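Novice: What follows is the residue order along each chain.
Protein chains: 2
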Amino acid sequence: MNPHLAPVDLAKAYRLVNHGPTVLVSARHAGVDNVMAAAWCCALDFDPPKLTVVLDKSTSTRELIEGSGRFAVQVPTVAQLQLVNAVGNHSLREAPDKLAQAGVELFELSDQPVPLVAGCSAWLVCDLINEPHNQDSYDLFIGEVVGAWADDRVFRDGRWHFEDADPAWRSLHHVAGGHFYAIGEALKA
Amino acid sequence: MNPHLAPVDLAKAYRLVNHGPTVLVSARHAGVDNVMAAAWCCALDFDPPKLTVVLDKSTSTRELIEGSGRFAVQVPTVAQLQLVNAVGNHSLREAPDKLAQAGVELFELSDQPVPLVAGCSAWLVCDLINEPHNQDSYDLFIGEVVGAWADDRVFRDGRWHFEDADPAWRSLHHVAGGHFYAIGEALKA
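Read top to bottom, the protein sequences are chains X and U.
Quick note: the first sequence uses my numbering, first residue 1, plus one each step.
Quick note: the second sequence uses my numbering, first residue 1, plus one each step.
With the rest of the complex left out, here is chain X:
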């Protein structure tokens, strides 16, 4: 277990995605694990925290979420650039060894029945709030965040510390294709 993994107060969990990072979405159903990349993930509410994520009908991860009613959103880092690009470009349907090929190492928290991706900076475990119209018409899924954790080397005291951490911890923000931006300089209004 990563000794830097620390729980995040649920009332502050929105801050893990408030700056708009591209995320990894993971799920497990009927013994199958999968992970996909998603640029279209967004906070929806503070308390209880909720988020939205867009999951195309072609993705295997969507099926796992519809089956299990649970998923995790995690914030990957610059150090995981190739992993994010790989899980975003390959489908479990065509490549059953997708996760191994991409170098994904999964772990679990003892009371959370969902696979989590090691090496990320933050993890949000979500219960699906079933909204069939949104899911069918817009590929739009709503989750209630029921647990949140972060790596205290880059998120602690309820906020990101990108400015003090190794640049390899910075979040990724997808542009298109294999192009991303890292998050940059801290600013105070």
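Please keep in mind that the hints were generated in silico from the structure rather than gathered at the bench.
Model, not experiment: these values are computed from the prediction.
Don't take each hint at face value.
A pair counts as met if it fits within one copy or between any two copies, since identical chains are not told apart.
Restricting the straight-line Cα-Cα distance to at most 27 Å, the calculated cross-link-like pairs of lysine-lysine (DSS-like) are [as the list claims (entries may be wrong)]:
(1) 12 x 57
(2) 188 x 98
(3) 12 x 188
(4) 98 x 57
On the provided structure of chain X, position chain U as indicated by the hints.
Specialist: Same frame as chain X, now just chain U:
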């Protein structure tokens, strides 16, 4: 008129928000204009392009959007940090001169009946797709992007050029309170 304002192909409009910037939302109804800041805005579809934005029931801008069925999402810059913080912290209800106080200069495109904020890097004009359940239960609004423009000093050839532009053009990514990050370094997987 800003001579650098250039139309963006609607099929590429999602790229204006794909990297997760905090945006400004503007609307006009019954002769009233308003602008608010929103960190919770996200692409929803490619073609026709759609996006989601979360608008709290306390905001005046939400009323204008419900009344007019139209709004604009624009991407503000590091140069507009104080403006973004000001329109995000003051309500038109309490401060009728909010826009002037914040230094907001509005402009219009001749065929677009919605006020736009000068000095931003990109503008997406949206028709509200009315979804009462989402609006009432989650404060979640869906817009179809019917027109998109960008400043060609920072977005051209269908993509952002933050890495080549003055750092004052970088997008803002809200953390909490008056704290933001600017978008950072370009990375290629």
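Novice: What hint numbers does the structure not satisfy?
Specialist: none
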